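Student: Take a look at the letters that make up each chain.
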Amino acid sequence: MTNRRDFLRTFAVGAAGLSLTGLPLEALAKRRVTKITILHTNDVHSHIDPFPANDPKYPGLGGVAQRAAIINDIRNKERNVLLLDAGDIFQGTPYFNLFGGEVELKLMSQLGYDAGTIGNHDFDNGVDGLSSQLKHANFPLIICNYDFKGTSMEGKTIPYKIFEKEDVRIGVFGLGIELEGLVDKKMYGETKYLDPLEKAAETAHHLKFNEKCDLIICLSHLGYRYPNKKVSDDVLAKKSLNIDLIIGGHTHTFIDKPFVYKNRDNKDVLVAQVGWARIKLGRIDFFVDKKMRKLTADSTTLKVLNYARAI
Amino acid sequence: MSFRNILLAAAIVFTSCKQNAHLVKTETTTYPLNKPGFTEVDSSILNSYSSYKHTIDSIMDRVIIVSEMSMQKKTPEGLLGNFTSDAALKQVENDFHAKDFSKIDFCFLNNGGLRAALPKGDITIGNIYSLMPFENEMVLLTLNGATTLKLINFIAAKGGMPVSGLTMRVHESTVTEAKIQGMPFDSTKSYVVATSDYLANGGDNLSF
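Quick note, the sequences are listed as chains D and Z, same order. In terms of the working numbering, the first sequence has 44 at position 44, counting the first letter as 1, and numbering is strictly consecutive. In terms of the working numbering, the second sequence has 427 at position 116, counting the first letter as 1, and numbering is strictly consecutive.
So here's chain Z without its partners, still in its complex pose (with noise of 0.2 Å):
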């Protein structure tokens, strides 16, 4: 099998004549790797990891659930964004309802942290490692109104993140209308929110 397609090779010639030694030229060449129907591998690779492999696999080819549609994050909102805070949120609510804990008004993650698409068919253990590699951990946090409304203005001028109970309206960066579990945002209220103790603790520059 060959690469056909490949090579644009740029040719550059330098022009200096200080140093003792001269750079030609230059090619570049970049190759995509195995387009599907390409399959040459170096099978002492494969050998090398196929213990890992084998004990990765058979954690991870569980199927857990079917969908319906395939997911990927998109700005200002995207199906995979809404999803996972709909589930981080959810989840949330669950593990903290046993301890009593307040309601929570909102969660909010961040599209880096969402390292792949979601198939449609099949979902594995695998993908769901896939999407969200890190080994965060979820947090609460109760914000008052100022703080909660730099946050806000914060996922504007992202250009959106992931949310769940929490909606905004915003016109060129500006948000013109926040909404929290369908109630219009009120500043001298403080909100429990949840997210990930990597955001919690400053991370995407999130720094107030």
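Only chain D is shown next, with the shape it has when bound in the complex (with noise of 0.2 Å):
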């Protein structure tokens, strides 16, 4: 129970700055809430060591055993905790040239991770070298515009996956990049690439209203955004219905604060991407509220003071 009060503090805090329209504070603070922690990654390229102390960019930085650490801690105070991968896994630093990626995905499990998706570097040992690593792997690849048929990656990911916090079912589903052009075709194989907007809009929609998801994500490689049409998060975010958050990857971008977009619906989207190589970890606390019916507030930002403690 000291979770609880933790975070009704840590609520009221926030609340403070909300004007809200026809509901007393007290009222709010009272509902049943409950608070959902996405822990987030992408292109963490087998960097598993810290980068050198004489790095030119990023000296020091990073490392799998510091990030180790934190997710540990978090995972300490918070009850619901769900760590993702957005992809690029493999490739960028010994480890994957000598190991084949074993190294790297026996260490996110080891962390603990519940999901990732495949990232356009998962194939540079070609789908083969993807499949035979998968036994290093205690959680699942998602994605969902994928067709492996006929490849030996052909039934060993899922399309989507519904985890259970408490009274909260969290959809998560993945997409991936177009292969063509940017993975040479003889390691991606026969692997088909499917139009990512409209399996988006498939899957999102089948969690929200066939599985009755209260939160959805959508574990993205396609990339941020780009000067052309090609399709992004920037686009998928604008265009999409019913996904609450899509966690990024393959451009590499900083995000300091998730961008929250306007869907098709004038619903809030947020895009999150933490760089790449494991210099930063991302998160993300949902408040999800089984009960409510309406709930009329503005948006603020606020400095939450209970992590700046033991971290």
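Among the hints, a few may not be true.
[Claimed, not checked] For lysine-lysine, the following DSBU-like pairs were computed, each having C-alpha atoms within a straight-line distance of at most 35 Å:
#: 1; chain 1: Z; residue 1: 385; chain 2: D; residue 2: 77
#: 2; chain 1: D; residue 1: 77; chain 2: D; residue 2: 149
#: 3; chain 1: D; residue 1: 135; chain 2: Z; residue 2: 364
#: 4; chain 1: D; residue 1: 57; chain 2: Z; residue 2: 500
#: 5; chain 1: Z; residue 1: 385; chain 2: D; residue 2: 185
#: 6; chain 1: Z; residue 1: 364; chain 2: D; residue 2: 257
#: 7; chain 1: Z; residue 1: 469; chain 2: D; residue 2: 57
#: 8; chain 1: Z; residue 1: 500; chain 2: D; residue 2: 257
#: 9; chain 1: D; residue 1: 239; chain 2: Z; residue 2: 431
#: 10; chain 1: Z; residue 1: 490; chain 2: D; residue 2: 57
#: 11; chain 1: Z; residue 1: 461; chain 2: D; residue 2: 186
#: 12; chain 1: D; residue 1: 185; chain 2: D; residue 2: 239
What the hints contain is simulated information worked out from the structure, not anything from laboratory work. This structure is a prediction, so every number in the text was calculated from the model and none was measured.
Join the two chains, each given in its own frame, into one complex according to the hints.
Tutor: Here's what the structure looks like:
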């Protein structure tokens, strides 16, 4: 119960800055609200050790053991944590060249990743190079717009997964980038790329209305944004329905505070991405109320005080 | 140790009423990992990959050369791109010389293939792996004048790629002058070009 009290305190701090229409603050604090903590990474690219101290750009930053310490700390404080990755697990250090992805997947499993999606570089040892490494992962690879029929990856991915945390149903689905022109054909072989906007619409609709998910998260390796019309998280967010959060990757974009987009229904969609190489870890806390029918309020920005302590 | 400057969070209150559940608000946080001086680690993680690390370090820590300056990639050209394309061209020339291959005119690579900067000081085998982790092979292509021109225009449209043996003058993405091995580009000639198999097979949207 300490956990709950902590949360209520945090929430009261947050709510102080809000202007709420027709809802006294005390009533809000007493409602049954579940906190869901999403931790995310992308484009880790086989970075297991921190960058060397003489690296010109990121001296001493990153490191899987350092990340684990932070994740453990958050897990000790929060009840409902999901740890997700948006692809390009492979390629970037000799760990991949020498061991083919085994170390990356074993360590992600040990860190307790709940799911990941597939990036273009995860094909760098071919479809077979990916499928043969999956025995080292205890978490699913989620992707709904790659059709692996006829390849060694057939049946080894799932289009979406539903996580239940207390009374909240969280639907997670994955999207991959177009492989043609980006990955050598001999590497991705017979993998078929399906329209990510169509598959996203279909999957998110299914999660919302058939699976009754309260929170819908897209793991995307489409990339944040492009100067041309190429499909990206920017395009997806604006054209989407039913998605609450897009955890992005591919463009190695450092987004310090997720962008808030409006979807086709004028509802908020968060777009997040935390650069690459384990330099940063993203965190998003959702507060979900199962009972509330209507709430109107302004958005605000606040400092979260209680995380600054022990991490 | 504590992060002091981490946490700005956004609180967003969602305003709809159709669904049975409601997102009341969200808070977002980004954790920078181990800034210099921050050293909290999970030793069980370190233990579980120590045998792999030992194997890697024994190979990768060997210093192969000392560099007087750090090298990073830039467009239209950068030290790192110049260095790698010069080195690739030189190596391909050495390899093919023995096989009595005709002269290679120029080499081009892609900036996306250069995955890390090179530091000033000791350069280890590990640095080189980080710079070019991909298991690519160099290939030689004989291109006719028209295709070579397409390639030159492609490089200009990209805002520059790492090249060796090719100089270009570009004005607002249009090539106004191109020299290959110091000679003006000649559309009636064919050229022998060295590049990675990734690019030769159409990578980086090189689809012609």
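Student: Does each hint hold? Answer for all of them.
Tutor: Taking the hints in turn, this is what the structure says about them:
no.	hint	result
1	Z:385 / D:77	43 Å, violated
2	D:77 / D:149	42 Å, violated
3	D:135 / Z:364	21 Å, holds
4	D:57 / Z:500	43 Å, violated
5	Z:385 / D:185	28 Å, holds
6	Z:364 / D:257	34 Å, holds
7	Z:469 / D:57	24 Å, holds
8	Z:500 / D:257	54 Å, violated
9	D:239 / Z:431	46 Å, violated
10	Z:490 / D:57	34 Å, holds
11	Z:461 / D:186	25 Å, holds
12	D:185 / D:239	30 Å, holds
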